Amino acid sequence: MNVLGRLSPSQFLTEYWQKRPLLLRQAWPSFEDPFTPEELAGLACEEGVEGRLVLEREGVWKVRHGPFRETDFLDLPDSHWTLLVQDAEKQAPALDAILEPFRFVPDWRVDDLMISYAAPQGSVGPHVDNYDVFLLQGAGRRRWQIGDRPILAEEGVESGDLRLLKDFTADHEWILERGDLLYLPPRFAHFGVALEPCLTYSIGFRAPSHQALLSSYADFVLEEVDSQALYADPDLTEQDNPGRISEATLTTIKALLNGALHADEDNLGGWFGRFITEPKPAFAASAETDPWTDEELRQHLEQGGALERNPGSRFAYIERVGHSLLFIDGQEFALGSAIADLAPLLARQRVFAWPTLSTAFAEAAARDLILDLVNEGYLLIYEDD
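Under this note's numbering, the first residue of the sequence shown is numbered 10, with each subsequent residue one higher.
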């Protein structure tokens with residue numbers, strides 16, 4: 010499904026991605042809300058679900074954090090409040106269907122699907138985000154006011170965990186209805202207000218900070234460094250002042266650091282694949298307490314059962330000549346030439362039945378890998394199926 014209208018994914022990425030906002034009318038004309046507002050509220054009452062209630066009255070903003078109780082919703086006013094639920098797709102795997110049309114952006118860039126329900130005049134205020142986002146409108150209508158240039162250093166007002174813009178002037182104003190889609194690059198100011206009870210689906214993308222990248226890579230390099238290796242200067246020469254750090258010393262140190270931090274293709278790929286697939290702590294996979302056997306797994310699949318990717322797990326892969334590297338939740342699996350094609354299959358699809366896996370099962374290494382992934386909780390079996 011193409012939600013970009015007349016634009017191809019390639020055109021969108023070239024002309025709009027991280028460059029300028031885009032409004033797409035009826036991008037998803039047949040869109041139906043997978044949740045009712047009551048079901049979303051029920052989800053926000055569950056342990057482990059990150060939910061927020063944002064209330065505003067006469068310019069005063071308040072934020073409440075879940076998990077909530079049913080009585081929390083009974084006391085709400087008729088207007089000026091919003092319920093937001095983060096990582097919804099990790100709680101209800103069927104919601105992956107909402108993410109699927111946006112997979113022209115690499116999976117490793119996706120952060121989560123956030124669902125918000127807003128009463129009339131509900132909002133989270135004028136603000137900027139540090140990430141790209143697609144805003145898909147479900148039931149109801151929402152008015153969006155948008156700035157036409159990124160704000161690199163906003164003057165904000167702290168209000169709990171909201172950071173609202175003091176002075177917001179809109180350059181564009183649009184009313185979104187069911188099936189409309191709005192794309193916003195990072196740091197573009199926006200202000201959405203519900204005109205009536207409405208549901209909005211936010212597909213947010215993550216971008217690791219330079220600091221996080223460098224810190225993680227340095228930790229990765231340290232694992233490979235010989236802890237017994239010491240600085241050496243066999244070519245040390247006499248100098249006139251013992252307090253001076255010589256250029257020769259700095260050259261030696263530079264060579265040492267450059268050698269240790271050198272990011273060759275293998276090191277870089279192995280590190281980045283592990284780093285970028287680290288799951289959020291709340292969604293780390295749990296190993297099976299009663300592990301499946303090879304024969305049980307085959308029987309399950311041959312009798313019409315399926316495997317499903319753990320909705321909280323992150324899958325990615327890197328192709329190499331003659332083999333591939335599969336990454337799941339910070340773990341690396343090296344797949345030899347006989348099963349290298351299994352990596353793109355596992356990373357692309359979310360549900361796996363026997364017709365898809367039967368060829369792979371002819372290889373012992375593939376059977377072992379899939380059994381491993383099931384018993385570690387990266388692939389799930391819903392036995393009620």
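Check before you lean on any hint, since a few could be wrong.
[Said to hold, decoys possible] What follows is a list of derived Cβ distance ranges for each label pair:
#	residue 1	residue 2	range
1	S88	G279	26 to 32 Å
2	A371	A272	33 to 39 Å
3	Q248	L22	54 to 60 Å
4	G386	K71	34 to 40 Å
5	D180	K289	21 to 27 Å
[Claimed, not checked] When the alpha-carbon atoms are kept at most 16 Å apart in a straight line, the in silico EDC-like pairs for lysine to aspartate or glutamate are as follows:
#	residue 1	residue 2
6	K71	D170
7	K289	D120
8	K71	E56
9	K263	D242
10	K289	D157
11	K28	D157
12	K71	D81
13	K28	D138
14	K175	E59
15	K289	D338
16	K289	D116
17	K289	D138
Derived by calculation from the structure, the hints in this document are not laboratory data. Computed from a prediction, not measured in an experiment: that's the story for all the values here. For each residue, glycine too, the CB sits at the ideal point set by N, CA and C.
These are the hints, each one checked on the structure:
1. S88 / G279: 26 to 32 Å: violated (53 Å)
2. A371 / A272: 33 to 39 Å: holds (38 Å)
3. Q248 / L22: 54 to 60 Å: With Cβ atoms ~56 Å apart, the hint holds.
4. G386 / K71: 34 to 40 Å: holds (38 Å)
5. D180 / K289: 21 to 27 Å: violated (35 Å)
6. K71 / D170: holds (9 Å)
7. K289 / D120: holds (10 Å)
8. K71 / E56: Status violated; Cα separation ~22 Å.
9. K263 / D242: Answer holds: K263 to D242 is near 13 Å, not above 16 Å.
10. K289 / D157: The given pair, whose Cα atoms are some 33 Å apart, is violated under the 16 Å limit.
11. K28 / D157: Measuring from Cα to Cα gives roughly 10 Å; hence the hint holds.
12. K71 / D81: holds (14 Å)
13. K28 / D138: Answer holds: K28 to D138 is near 14 Å, not above 16 Å.
14. K175 / E59: violated (27 Å)
15. K289 / D338: Satisfied, since the Cα-Cα distance of roughly 9 Å is no more than 16 Å.
16. K289 / D116: Measuring from Cα to Cα gives roughly 15 Å; hence the hint holds.
17. K289 / D138: violated (20 Å)
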